Amino acid sequence: MDNIGIETDLRIGSVQRGQKITLTVDGKPVTAYEGETVHAALVASGIQILGTTRKTHQNRGILCGMGICYQCRVEINGIPDQRACMTQVKANMDILTHPNESHNTDMAPSPGKQGSEIQGEIQ
Amino acid sequence: MTVQCKYHVIIVGCGLAGMYAADTLAGKGLDILIIDENVHAGGQLLRKVPKKASWFPRMEPDGMKKKGFSLAQRVKRLSRETNIPSGRGMERLIQAQVLGIFSENRLLIQTFSPNKGETMVDVQADHLILATGARERYLPFKGWDLPGVISLGAAQILMKSHGVLPARETLIAGSSPLQMVLATELLANGGRVSALLDENTLKTKLSFLPHIKNHWPKLLEGGFHMGKMALARTPMEQGVRIVEACGGERLKSVIVAKTNFKGHVIRGTETTWPTRSLAMGYGFVPNIELPVQAGCGVSYDKDKGGWVIQVDDHLETSVPSVYAAGEITGIAGAKKSHVEGKLVALSILEKLGKMDQVGVTDGKDGLQGEYRRLMAQRRRQMDYGVFLNDLCRVPSSAYAAIPDDTVICRCEEITMGQIKKSLGQGFNTTGGLKKATRCGMGRCQGRTCGPIILDIITALTRKKPETIGASHTRAPVKNVGVSAFLNS
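From first to last, the protein sequence lines stand for chains A and B.
Terminal number for the first sequence in our numbering: 208, no gaps in between.
Terminal number for the second sequence in our numbering: 793, no gaps in between.
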């Protein structure tokens, strides 16, 4: 798995966890446990890069971890710009981090989605 | 949209202040709605992942967390957890964001309906308690936007809520009491701490001591954490600032340097720490965006953490029947939130004419005596707040010295150079800079860079924060998908 970092499992051993489930991250399976956020599951698998910035295309990762900074936006089940730190994992979630993408997803609907599911953003 | 349901009291924020208010208001026949963005009750302080038994010693002399956790259990028991409010009894709306507060205490809320997904609800309250808490403050440095550089709070949330280490080894820097707490938590969970690098010197810290005279348990807690660090032989350095976070794709190393008594970096003292994870933070900022949108008056007080919501003795804001409690009236920690949660609930019960049901037990002089006691406790905690905010303070010169190529607004990717250029052209207010550069207009709506920009303008122009002004906020105060409107 080339998108998975060197540190494979950062979960603390003494913690009692929920049901083991599998997510798909950029097309590859990643283990998670119910009760975790998407962010925690990604970090535990060594995934730090959650996308690129809009203008200079620099890699970005999380900062605040509590829903303030919006740096951890990922696409979940076709819906763009979901905060990884505020979203609970669910079995078979399909997550895209777009690490090498250069297009601006800010106001555009995600490709390959039904017309009725218009996802935009009001600021 | 029409009002879907009405409540006697709506509480925004289920942290310590919100929970104590709810607990005090419970059982009096009132319809109450508690709203929080998270699933768990307890806010940022009270996070706990179920753990197998541990031998690692824990210590918390003021007992606020222990009290808080049992309170969270009580609030969970007393309230009905829901995604769609019904208007009856005590309800706790989870994973919901208040997007705006409008006339007659009408709230527009984004929530998740099990069958419709993201949706919108419109509720109204006779009395509204805002307890939106605080977030972390930052001092930007080159490379602070690299993946791997996280806040102290983020590292704590990973461990406390999810039982995940940020990395095998973490470097801790900045100026915040959270540094020590994070370091001991990392060690307790089998992680390693490369070093603990503190912006403040021991000398500055000692000069803050007069403010802490009545708060020895907090000092004891600090000493306990320090002892554990010493036992683990963790390198601890003071008077050290982050110069640069390096690495192309992600964080690989951090360059730090010593600072002199004026708060300037001393050239030639740079050292490099290789690390995949840097946790940093520089104290706290109150989350005033929602109250400001509602029209609540603000005032600036550096001892309270910056811009705070103005309240009277009953914690009512400048908007009638809108109250504020907890960190948004001044950063001062858990105990002040506790006191204010209770105080705000008593104020509302008095207004509702439910005083006979308050059951103030420990006072001969009834409610007025209870008020006086709570107000005295509040003042004492405000005093501790002065110490807390002093401990985190970064000298103004540090903000003035940020290199031009450092990103300040991460969302819009605006650098220090661009901000300085616009400042030179006369855009020397928060609003003016925003219009000139777009800083603060991105996804986080200025929550991350807003306080930083205020400090930069203050440092470079010597203007007072009062003349620079607080940022205006408008509804929706949080990002919301168009689908939420379409689904409702």
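Rather than coming from a laboratory, the hints here were simulated on the basis of the structure.
The structure displayed is predicted, hence computed values, not measured ones.
Hints may contain errors.
For lysine-lysine, the following DSS-like pairs were computed, each having C-alpha atoms within a straight-line distance of at most 30 Å [claimed, not checked]:
hint: 1; chain 1: B; residue 1: Lys726; chain 2: A; residue 2: Lys105
hint: 2; chain 1: A; residue 1: Lys105; chain 2: B; residue 2: Lys465
hint: 3; chain 1: B; residue 1: Lys381; chain 2: B; residue 2: Lys371
hint: 4; chain 1: A; residue 1: Lys175; chain 2: B; residue 2: Lys647
hint: 5; chain 1: B; residue 1: Lys656; chain 2: A; residue 2: Lys105
hint: 6; chain 1: B; residue 1: Lys371; chain 2: A; residue 2: Lys113
Pulled a few chain B residues facing chain A out of the computed Cβ check, cut under 10 Å [to be verified]:
hint: 7; residue: Gln402
hint: 8; residue: Ile560
hint: 9; residue: Leu696
All residues carry an ideal CB built from backbone N, CA and C; glycine is no exception.
Comparing the hints with the structure gives:
no., hint, verdict
1, B:Lys726 with A:Lys105, "violated, 53 Å"
2, A:Lys105 with B:Lys465, "holds, 19 Å"
3, B:Lys381 with B:Lys371, "holds, 16 Å"
4, A:Lys175 with B:Lys647, "violated, 37 Å"
5, B:Lys656 with A:Lys105, "violated, 50 Å"
6, B:Lys371 with A:Lys113, "violated, 41 Å"
7, Gln402, "holds, 9 Å"
8, Ile560, "violated, 19 Å"
9, Leu696, "violated, 20 Å"
In the structure shown, a violation is registered for the earlier hints numbered 1, 4, 5, 6, 8, 9, in ascending order.
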